[in-house]
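Protein chains: 2
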Amino acid sequence: MKTKYEEYVKVMRKAADISGAISLLSWDKEVNMPKNGAAFRSQQVATLAGMRHEMLLDARHGINLKMLYSDRNLLDSKERKNIEISHKHHERRSKLSTDFVMRQSKAVSNAYHSWIEAKKNKDYSLYKDALTEVVNIRKEECELVGYEDHPYEALLDQYEPGAKVAQLDTLFNDVKAQLVDFCKQIAAQKQVNADVLAQAYDKDKQWDFGLEILKRMGYDFNSGRQDLSPHPFTTHFAPTDVRVTTRIDENHFGSMTWSCIHEGGHALYELGLPQEEYGLPSGSSVSLGIHESQSRLWENNVGRSLPFWKHNFSLLKEFFPKELKGISVEDFYKAINQVYPSPIRVESDELYYHFHIMIRYEIEKGLIEGSLSTDGLNEVWNQKYKDYLGIDIQNDAEGILQDIHWAYGSIGYFPTYSLGSFYAAQFFNQAKKDIPNLIQEIEKGENQSLLTWLREQVHQHGSTYSADELCNRITGESLNFKYFMDYAKEKYKGIYQF
Amino acid sequence: MKTKYEEYVKVMRKAADISGAISLLSWDKEVNMPKNGAAFRSQQVATLAGMRHEMLLDARHGINLKMLYSDRNLLDSKERKNIEISHKHHERRSKLSTDFVMRQSKAVSNAYHSWIEAKKNKDYSLYKDALTEVVNIRKEECELVGYEDHPYEALLDQYEPGAKVAQLDTLFNDVKAQLVDFCKQIAAQKQVNADVLAQAYDKDKQWDFGLEILKRMGYDFNSGRQDLSPHPFTTHFAPTDVRVTTRIDENHFGSMTWSCIHEGGHALYELGLPQEEYGLPSGSSVSLGIHESQSRLWENNVGRSLPFWKHNFSLLKEFFPKELKGISVEDFYKAINQVYPSPIRVESDELYYHFHIMIRYEIEKGLIEGSLSTDGLNEVWNQKYKDYLGIDIQNDAEGILQDIHWAYGSIGYFPTYSLGSFYAAQFFNQAKKDIPNLIQEIEKGENQSLLTWLREQVHQHGSTYSADELCNRITGESLNFKYFMDYAKEKYKGIYQF
Numbered sequence: 001m002k003t004k005y006e007e008y009v010k011v012m013r014k015a016a017d018i019s020g021a022i023s024l025l026s027w028d029k030e031v032n033m034p035k036n037g038a039a040f041r042s043q044q045v046a047t048l049a050g051m052r053h054e055m056l057l058d059a060r061h062g063i064n065l066k067m068l069y070s071d072r073n074l075l076d077s078k079e080r081k082n083i084e085i086s087h088k089h090h091e092r093r094s095k096l097s098t099d100f101v102m103r104q105s106k107a108v109s110n111a112y113h114s115w116i117e118a119k120k121n122k123d124y125s126l127y128k129d130a131l132t133e134v135v136n137i138r139k140e141e142c143e144l145v146g147y148e149d150h151p152y153e154a155l156l157d158q159y160e161p162g163a164k165v166a167q168l169d170t171l172f173n174d175v176k177a178q179l180v181d182f183c184k185q186i187a188a189q190k191q192v193n194a195d196v197l198a199q200a201y202d203k204d205k206q207w208d209f210g211l212e213i214l215k216r217m218g219y220d221f222n223s224g225r226q227d228l229s230p231h232p233f234t235t236h237f238a239p240t241d242v243r244v245t246t247r248i249d250e251n252h253f254g255s256m257t258w259s260c261i262h263e264g265g266h267a268l269y270e271l272g273l274p275q276e277e278y279g280l281p282s283g284s285s286v287s288l289g290i291h292e293s294q295s296r297l298w299e300n301n302v303g304r305s306l307p308f309w310k311h312n313f314s315l316l317k318e319f320f321p322k323e324l325k326g327i328s329v330e331d332f333y334k335a336i337n338q339v340y341p342s343p344i345r346v347e348s349d350e351l352y353y354h355f356h357i358m359i360r361y362e363i364e365k366g367l368i369e370g371s372l373s374t375d376g377l378n379e380v381w382n383q384k385y386k387d388y389l390g391i392d393i394q395n396d397a398e399g400i401l402q403d404i405h406w407a408y409g410s411i412g413y414f415p416t417y418s419l420g421s422f423y424a425a426q427f428f429n430q431a432k433k434d435i436p437n438l439i440q441e442i443e444k445g446e447n448q449s450l451l452t453w454l455r456e457q458v459h460q461h462g463s464t465y466s467a468d469e470l471c472n473r474i475t476g477e478s479l480n481f482k483y484f485m486d487y488a489k490e491k492y493k494g495i496y497q498f
Numbered sequence: 001m002k003t004k005y006e007e008y009v010k011v012m013r014k015a016a017d018i019s020g021a022i023s024l025l026s027w028d029k030e031v032n033m034p035k036n037g038a039a040f041r042s043q044q045v046a047t048l049a050g051m052r053h054e055m056l057l058d059a060r061h062g063i064n065l066k067m068l069y070s071d072r073n074l075l076d077s078k079e080r081k082n083i084e085i086s087h088k089h090h091e092r093r094s095k096l097s098t099d100f101v102m103r104q105s106k107a108v109s110n111a112y113h114s115w116i117e118a119k120k121n122k123d124y125s126l127y128k129d130a131l132t133e134v135v136n137i138r139k140e141e142c143e144l145v146g147y148e149d150h151p152y153e154a155l156l157d158q159y160e161p162g163a164k165v166a167q168l169d170t171l172f173n174d175v176k177a178q179l180v181d182f183c184k185q186i187a188a189q190k191q192v193n194a195d196v197l198a199q200a201y202d203k204d205k206q207w208d209f210g211l212e213i214l215k216r217m218g219y220d221f222n223s224g225r226q227d228l229s230p231h232p233f234t235t236h237f238a239p240t241d242v243r244v245t246t247r248i249d250e251n252h253f254g255s256m257t258w259s260c261i262h263e264g265g266h267a268l269y270e271l272g273l274p275q276e277e278y279g280l281p282s283g284s285s286v287s288l289g290i291h292e293s294q295s296r297l298w299e300n301n302v303g304r305s306l307p308f309w310k311h312n313f314s315l316l317k318e319f320f321p322k323e324l325k326g327i328s329v330e331d332f333y334k335a336i337n338q339v340y341p342s343p344i345r346v347e348s349d350e351l352y353y354h355f356h357i358m359i360r361y362e363i364e365k366g367l368i369e370g371s372l373s374t375d376g377l378n379e380v381w382n383q384k385y386k387d388y389l390g391i392d393i394q395n396d397a398e399g400i401l402q403d404i405h406w407a408y409g410s411i412g413y414f415p416t417y418s419l420g421s422f423y424a425a426q427f428f429n430q431a432k433k434d435i436p437n438l439i440q441e442i443e444k445g446e447n448q449s450l451l452t453w454l455r456e457q458v459h460q461h462g463s464t465y466s467a468d469e470l471c472n473r474i475t476g477e478s479l480n481f482k483y484f485m486d487y488a489k490e491k492y493k494g495i496y497q498f
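Residue numbers (this note's numbering), protein chains in the order written: chain D, 1 to 498; chain L, 1 to 498.
No lab work stands behind these hints, which were simulated from the structure alone.
Keep in mind that the hints are not guaranteed to be accurate.
[What the hints assert, rightly or not] DSBU-like mimics (lysine-lysine), calculated; alpha carbons at most 35 Å apart, straight line:
1. L:Lys489 - L:Lys190
2. D:Lys29 - L:Lys203
3. D:Lys10 - L:Lys190
4. L:Lys493 - D:Lys310
5. D:Lys205 - L:Lys203
6. D:Lys215 - L:Lys489
7. L:Lys203 - D:Lys215
8. D:Lys78 - L:Lys35
9. L:Lys184 - D:Lys10
10. L:Lys128 - L:Lys184
11. L:Lys203 - D:Lys322
12. D:Lys2 - L:Lys35
13. D:Lys35 - L:Lys317
14. L:Lys139 - D:Lys29
15. D:Lys176 - D:Lys432
16. L:Lys29 - L:Lys139
17. L:Lys176 - L:Lys493
18. L:Lys205 - D:Lys317
19. D:Lys106 - L:Lys386
20. L:Lys322 - L:Lys491
21. D:Lys66 - L:Lys10
22. D:Lys310 - D:Lys482
23. D:Lys384 - D:Lys184
Next comes chain D alone, as it looks inside the complex (with noise of 0.2 Å):
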């Protein structure tokens, strides 16, 4: 029993090295590759997963790992956590024969070109088909791996292992039913005024300042770094080498800011895996949702908030001496937290962002059920930009084509965002009850009380606890929109005074 789990955790960890690799091919994609080099890459990577995939569905091992399943019971606790994920991703992956892997891969590489072609263009229709067969195709490995309700929940278990159609159905209408009407509330107040940011920040500056601010958050740039790339991202190439990256927009302070502080808290969860567990579902993230937990508790609970300023704000006008004149920390807050529908969500505040999630989850849905079609997908979109945000949407640009995820196959993968603020807002709800003078010590700088909490409830587990049973362990129930709903009304009516 003994060997036949070590050789099962040999396997796991030469994937995970060549996962590093992948990860490294695909960091310098972003951040350095010539433009020259870009055919070669994509053959590197897709001979790199190839192995990978070919090693993990080798025979030898498919066969120690169903008797380890078999025996699980005789392994201890962890050990029986991490057969019993790898033997679920296993099952699933024998799923899926290569013709099928061959047949998807080329749906998304179809629909990722026609995406850009569509969007430059500004029209769906040059998108549609490509995206038709990606749906397709979705629908097909979701009869083929199977699924307990609902088909959706086929996709969703990729990135949110165990999340269910009729939990998130609950949780979006209480979306619907609470947060539209109090974003109605929110716009029939005074609105406040956001003029300080709308000025250029230097950009060298900027950089200067998301580096001190990434340090203050306890980000180790021994174990790390952080690069310029078009879209910001966090990567890992090993336990101890986990990356962000940032884009600077001279007209946007703000967009360099909270990515840095975003990708910072992705990057923080990472860290503080336990590294001895590498390669093993107990050394690796136990969901999207949880994953983006712990950035949006950064962005929004910690780096959104007034007591976090009320630390950094002099430092932010050492950079920005002149830029800021005359504005009090509590001038800036108010501007940070302007509430207001846009038709793009990655511009969006951090309520009115869910809306964007919520309807995207709607369409997601509907499409795999089959109750929508890709036929006027567009115009079914912009009803619902209408309908729950009141906005009219001026071309498919701003529209359906805003976002690159269904392109690249990632059908189920939006939920886990809204999932993410609300495990926040719930876990950040515990944080203060745990740690009696958070609030005080946000002000004072010092964030290693957080960072402790945050790593002995949520890091240090990797996958050794399902989201939901780590959530009642954290808070001692499960995901529950109140903590949200509580959190948006105190800070939201402060903010805008009602």
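Start from chain D and add chain L according to the hints.
Okay, now just chain L, sitting in the frame of chain D:
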């Protein structure tokens, strides 16, 4: 036959994809990696190298290669050469057991750490045992893989395929007979004034100047980039992504400039290899000696020549008007070509350089054939420096511990540096005949004819011709030290006026 060859190509290209990933992991380690990433990085490189090794030693590939080799006369000439080379590599690889490879890897790893420790303490005795291990295992390798005339050739062949001890002996006898004497003549002349180099040159400006020089050489930044690293090197991840690194020392302007040009020469070779032969010998450099001929030709024959600086000195003056005030291009040319013996190889001028290599060659060969032992080898080293360069070595750090090569297990590598310079002189002599206005073009900053000539004569052939075949095709004879001596005499008699 066609299917068999295609199958062979497929395996070779997959192996090249893995090599590209390994090169990126290694490049990133030198250029970007946060320090805590080191341990996992080594493990990842080892995993990928192991997978490549297994793939190339896979039974099916081996049988396929054997069959292709038997029937190689049915292939066209380029295919035949590919099969011959790959078959030779496969034979060598097959003779080394996994146990041997692991012992070697362990010996090298030990030696590396001992070398670091010994160098820090300037004490050869801390390194001696580990070096003995490396020498012994490399001797064992010679016996395992076999050789024709001299065991050292079994090692040399890895870096300079087909090279013979007899040939190297002749070359270094020429060095001893002609270059020692010539350097003595130079030492007897009035020395040049190199004060212009003994100033601080702003690092950022050095960096910008280096990039501009690379562009002027014809290096395409759409297929490469330059970064900083502790030791300059060139690497390629794909035929369309070939990168160089440099280092900048404020007080050694030349260190950056000629490393840019040197690495740029290596990079132009890699970028000139035929893309469509990716992963095959026909798409790979033929030998380290020929590779080095490309870097040295640009670095020395072009980059330390008066015509080159007649064009580029005005640019340098734009960057450093204060530092170069009142300095003529002729003054500058003399300063950068100052000849004097140094204990350190990498700080040597282009003449004394070959004494450094000769000493290493004599010692390596002696160790492998058994005429020298590691006992008291530092004394042997110091005596040779006294004899050939007239220098007293102060301590082991500036003596036998200065180079990392042996600690990496690279025995048989050093001679390729001298071969590179000698090939460069012979090739450049021919280029001047083939391109009647070459020198005038270089004076005008037009490097295109030279680059085209190198591409046609050297780069495009990959390994289709051996180094010796290539030399004969280009110059009508095998490597001949005469061309280097002619070049040296003409240049340095001019500079030292005798």
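Original post:
So which of the earlier hints does this model not fit?
Top reply: 3, 4, 6, 9, 14, 19
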